[in-house]
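Going line by line, the protein sequences match chains A and B.
The numbering of the first sequence is this note's numbering, which starts it at 12 and goes up by one.
The numbering of the second sequence is this note's numbering, which starts it at 286 and goes up by one.
Be a bit skeptical, because a hint or two may be false.
[To be verified] Cross-link-like lysine to aspartate or glutamate pairs, in silico, EDC-like; alpha carbons within 20 angstroms at most: (1) A:Lys529 x B:Asp413; (2) A:Lys384 x A:Glu551; (3) A:Lys310 x B:Glu337; (4) A:Lys622 x A:Glu551; (5) B:Lys425 x A:Glu643; (6) A:Lys524 x A:Asp155; (7) A:Lys529 x B:Glu337.
None of these hints come from the bench; they were simulated from the model.
In this text, all values refer to a predicted model and were calculated from it rather than measured experimentally.
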Amino acid sequence: MLGKKKVLLGGLSALVVGSLLAGCPPKKEALKTSAVGTDAASKVYVPPGKHDEFYVFFSGGFNGQVTVYGIPSGRILKVIKVFSVDPETGYGFTPETRPMLMTSHGFIPWDDTHHPWLSQTNGEHDGRWLFINANNTPRIARIDLTTFETTEIIEIPNSAGNHPSPYGTENTEYVVAGTRFSVPVPQKDVPIDSYAQNFKGTISFIKANEPGKMDVAFQILMPGFNYDLARCGRGPSHGWCFFTSYNTEQAHTLLEINASKNDKDYIAAINWKRAEECLSQGRFQEVPAVYYHNYYDEKKHMAVSEVKKSVKMINPKDCPGVAYLLPTPKSPHGVDVSDDGEYIVGGGKLATVIPIHSFSKMLKAIEQKAFEKEIDGVPVLKYDAVLHCEVEKPCLGPLHTEFDGKGFAYTSCFVSSEVVKYDYKGCKVVDRVPTYYSVGHLLIPGGDTKKPYGKYLVAMNKITKDRQLPVGPELLQSAQLYDISGEKMQLIHEFFTIGEPHYAQAIPADKIKDKIKKIYPLAENEHPYAVKAEKDARVERKGNEVHVYMTMIRSHFVPDNIEGIRVGDTVYFHVTNLEQDWDIPHGFAVKGSEEAEILVMPGQTKTLVWKPKAPGVYPFYCTDFCSALHQEMQGYVRVSPAGSNVPLRYYTGTPTTQK
Amino acid sequence: MNILSRGLLALASLLLILTYFLPLWRIELVAPQYPEGLRMFIWVNRITGGTEFDLYNINLLNHYIGMKPIEPEAIPELKILPFIIGFLIAFGLLSAILGKRVLLYAWVITFVLLGVAGLADFYKWGYDYGHNLNPNAPIKIPGLAYQPPLIGTKQLLNMLASSFPDVGGYIAVVSLFLGFLAIAIDLRFSETGKAEVKPA
Chain A
12 MLGKKKVLLG GLSALVVGSL LAGCPPKKEA LKTSAVGTDA ASKVYVPPGK
62 HDEFYVFFSG GFNGQVTVYG IPSGRILKVI KVFSVDPETG YGFTPETRPM
112 LMTSHGFIPW DDTHHPWLSQ TNGEHDGRWL FINANNTPRI ARIDLTTFET
162 TEIIEIPNSA GNHPSPYGTE NTEYVVAGTR FSVPVPQKDV PIDSYAQNFK
212 GTISFIKANE PGKMDVAFQI LMPGFNYDLA RCGRGPSHGW CFFTSYNTEQ
262 AHTLLEINAS KNDKDYIAAI NWKRAEECLS QGRFQEVPAV YYHNYYDEKK
312 HMAVSEVKKS VKMINPKDCP GVAYLLPTPK SPHGVDVSDD GEYIVGGGKL
362 ATVIPIHSFS KMLKAIEQKA FEKEIDGVPV LKYDAVLHCE VEKPCLGPLH
412 TEFDGKGFAY TSCFVSSEVV KYDYKGCKVV DRVPTYYSVG HLLIPGGDTK
462 KPYGKYLVAM NKITKDRQLP VGPELLQSAQ LYDISGEKMQ LIHEFFTIGE
512 PHYAQAIPAD KIKDKIKKIY PLAENEHPYA VKAEKDARVE RKGNEVHVYM
562 TMIRSHFVPD NIEGIRVGDT VYFHVTNLEQ DWDIPHGFAV KGSEEAEILV
612 MPGQTKTLVW KPKAPGVYPF YCTDFCSALH QEMQGYVRVS PAGSNVPLRY
662 YTGTPTTQK
Chain B
286 MNILSRGLLA LASLLLILTY FLPLWRIELV APQYPEGLRM FIWVNRITGG
336 TEFDLYNINL LNHYIGMKPI EPEAIPELKI LPFIIGFLIA FGLLSAILGK
386 RVLLYAWVIT FVLLGVAGLA DFYKWGYDYG HNLNPNAPIK IPGLAYQPPL
436 IGTKQLLNML ASSFPDVGGY IAVVSLFLGF LAIAIDLRFS ETGKAEVKPA
């Protein structure tokens, strides 16, 4: 049955592709070969020891991480742990970092990251922070680009499936969050088939410009649709953010069919400056909501959580002018604003055209009240009043668009596996190039800013069968690099990505690389359990808790012999790395640890919690090859039976007993 | 002394003031794992690293071969040197004012002697650091000492060690050169002076 259906669908889509591309169905051979030019290798070759031109940050999808690559080489640079625990560094395991993953649902060590967003100043990337969403348990994280570490996470209340997120405003005033799944707001126990009556959407604006102070500034109560992607305006459209929606049918089951009926869904246009006015005029409700804000203090080397108890909610009925709906064909995914801030391109994943709205026409339509109807207090504008044009026969399944700064837009097409390039003012397709295969988002460095770099395009492909050596049923996703500096797009490179990257952001290396922190200065270490000199290393017992204040440096621990631990104790190894040299972390692992190891950066303090279960002598050692005497960097902990009175004793070299 | 030589001597002395603000000497270590290099600067009264942490890291590496840690506070020369240079400046200025030829010679000779003594002392410290090693050092290579070169470049295990004057050092050299120049000009001037008084 299923097989038949697939064949039918496949045949059908081939037919549609054929007719759309003016009777020129792609040949099988064309799909197989990658049509790489002979000069491609030289365009992506970065000799050993030389640096790439751009950093690229790929979302890790279901692995909850961010992966950093260099382009054009496609070399991997780092995997940043964001919403996932990391047994390598102890992120999410250590008492210092566990608060980072706390939510109103408890400790959540996983999520689904989709859209990285680089902070901007005046509509250009400023290289300070990268934000990324957690789709499953709605959260937004801040990654500090001096350390490439996650330093802040805020939970989004009244939201489910934080998908249109965390796109931001041109000075990083806010990053946004919209709910993919509408749910009862506030949550309650109701029949699912009461969707139309009980389910609501929310769109949240999160204050983002001050590290440590992320906050849900306000939420807007929206009709119960699915909100999909977002983009905030720039230049003339600064002050507005746009969100695509689907399931305007308000279906709650078999959405594949039931949410694909309407010929047009909506792009929601939110005027956040108007929202700020309403807030100052008191046109909002303080709604009870429990959500977490977690912040990692780089001087204390410690994260703290605070629990927030309410959120400011704006109902568009009480704040006219805050939200409008722009009809857009059909189940739109991407909503992307051109570099000049005037054009809003919708990617209707089931549409046969690419609709382009005009921001100035939208303002005019609002002024003239060119409304079709109103849904839950939100006016729906007339399609013809806001439309700039429809790009005819672009491709199948247009998803997401970026701009090159030279008047061209590039849209990824999932179903027909290609990228189309078109003049978005003239509404004319000028080039197309295949991808291998099923492209989701695409990226042009700076392609979502006022000043795109317009040199490369990266396609993020979902399916890569036959593109790499097979490794079993699951294959990595691919990133394909295209040179877009000329008239024709040219495929020049392909590399494979970790997780399921949905979107990526790229920034010129020069904007970041000189700001990178190489060590944490020991003098600034304010961790309450830090020891900054070997002479201060010690072991202290407090009832059943034993605190080991330990130091590490090439190539020894102080202390490296500890006795007097008893079964039933909880041992806290607070380990400070005394190194002040770049790229010299030390690791710490103890036999039988049920958690992780810890990898401690120069000048940093981290804690490994260990509960020994049986008497004996347990080795611990450095796990990161640090020096010629790395293998000698080790020690022992003696564990005695519960209730025994072996005195607490610790030393490195010359034995001393605790006073 | 003629006026030009006196001026040069005064200039030579005043130039030495700059050595209080600029390092005299630099020692640099480069290894495969230290492509950016580790640097150590010797000033009239202190030793600093190329970065805030270079000295710390040099000492950390030195412990493998049993070299004593470099502790600038424990080096008595760094307490005396500012006064020695101060003396040279005062002596030079005074000589320039008095204009006695013998004082100019005395200044240059003192400078040369102090310079030789300084280099000899520096060599002695280098020798001591390089040879007087902890017998319990983890890395011991029979017959190998780790004395850095007095001037020049030398491979010490994986480290390429180089030792050269820095800006302050070159200024001292220039200052001494001006002293010699003052002598040369003074000699020449007095000879032509003699020639002039000869009857035609």
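Does the structure keep A:Lys384 and A:Glu551 at a Cα separation of 20 angstroms or less? violated, 71 angstroms
Satisfaction of hint between B:Glu337 and A:Lys310, Cα-Cα up to 20 angstroms: holds, 18 angstroms
Between A:Lys524 and A:Asp155, is the straight-line Cα distance small enough, at 20 angstroms or below? Status holds; Cα separation ~13 angstroms.
Satisfaction of hint between B:Asp413 and A:Lys529, Cα-Cα up to 20 angstroms: Since the Cα atoms of A:Lys529 and B:Asp413 sit roughly 34 angstroms apart, the hinted pair is violated (cutoff 20 angstroms).
Does the alpha-carbon distance linking A:Lys622 and A:Glu551 stay inside the 20 angstroms limit? Distance of about 16 angstroms is within 20 angstroms: holds.
Going straight from one Cα to the other, do B:Lys425 and A:Glu643 come out at no more than 20 angstroms? holds, 16 angstroms
Check whether the Cα positions of A:Lys529 and B:Glu337 lie no farther apart than 20 angstroms. Holds, at roughly 12 angstroms.
Of the numbered hints stated above, those contradicted by the structure are hints 1, 2, listed in ascending order.
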